[in-house]
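J.: Could you build all of it, start to finish, from the sequences and the hints given here?
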Amino acid sequence: MQNIEMIRLQLNHLITQARHDIYSLSSIDDLSKKQLILQQLWDTLSSIHFLSELLANQAASIQQTLPSEIPISPPQPNQRTFTIQELASYDGKNGRPAYVAVNEVVYDVTNNRAWAAATHLD
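Residue numbers (the numbering used here): 1 to 122.
It is worth saying that the hints were derived from the structure and are not from the lab.
Bear in mind that the values here come from a model prediction, so they are computed numbers and not experimental data.
The C-beta atom is built at its ideal place from N, Cα and C for all residues, glycine as well.
Where hints are given, some of them may not hold.
Restraint-style ranges between C-beta atoms, simulated for each label pair [to be verified]: (1) Leu31 - Ser89: 48 to 56 Å; (2) Ile48 - Ala88: 25 to 33 Å; (3) Pro97 - Gln17: 17 to 25 Å.
T.: Now the structure itself:
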């Protein structure tokens, strides 16, 4: 997960750089400077593409290691078993409850302040 966060930060930096370069292009008349900025933009976009492919590969490898179903053992009258897809729909957004699974146990974190606004806050 730490690698994913580092990639996300790098992507944000590259996007900020691209925005700056696009803004610079609109205010520069010197053709040689414009060509330099265009090359920088090309390099930035290439880096963004590389990092997005890296993220996609990491997501695919994580998906392959996840079980297709998270069992709750042993099932109790008030407990149920969720598939990954079912659990994903309980994301706390748009008034839905928020559930998370840790070590095959599902927890309701709907009213937990650390999960406010449907995002986890460390």
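J.: Going through the numbered hints above, which ones does this structure break? Give me the numbers in ascending order.
T.: 3
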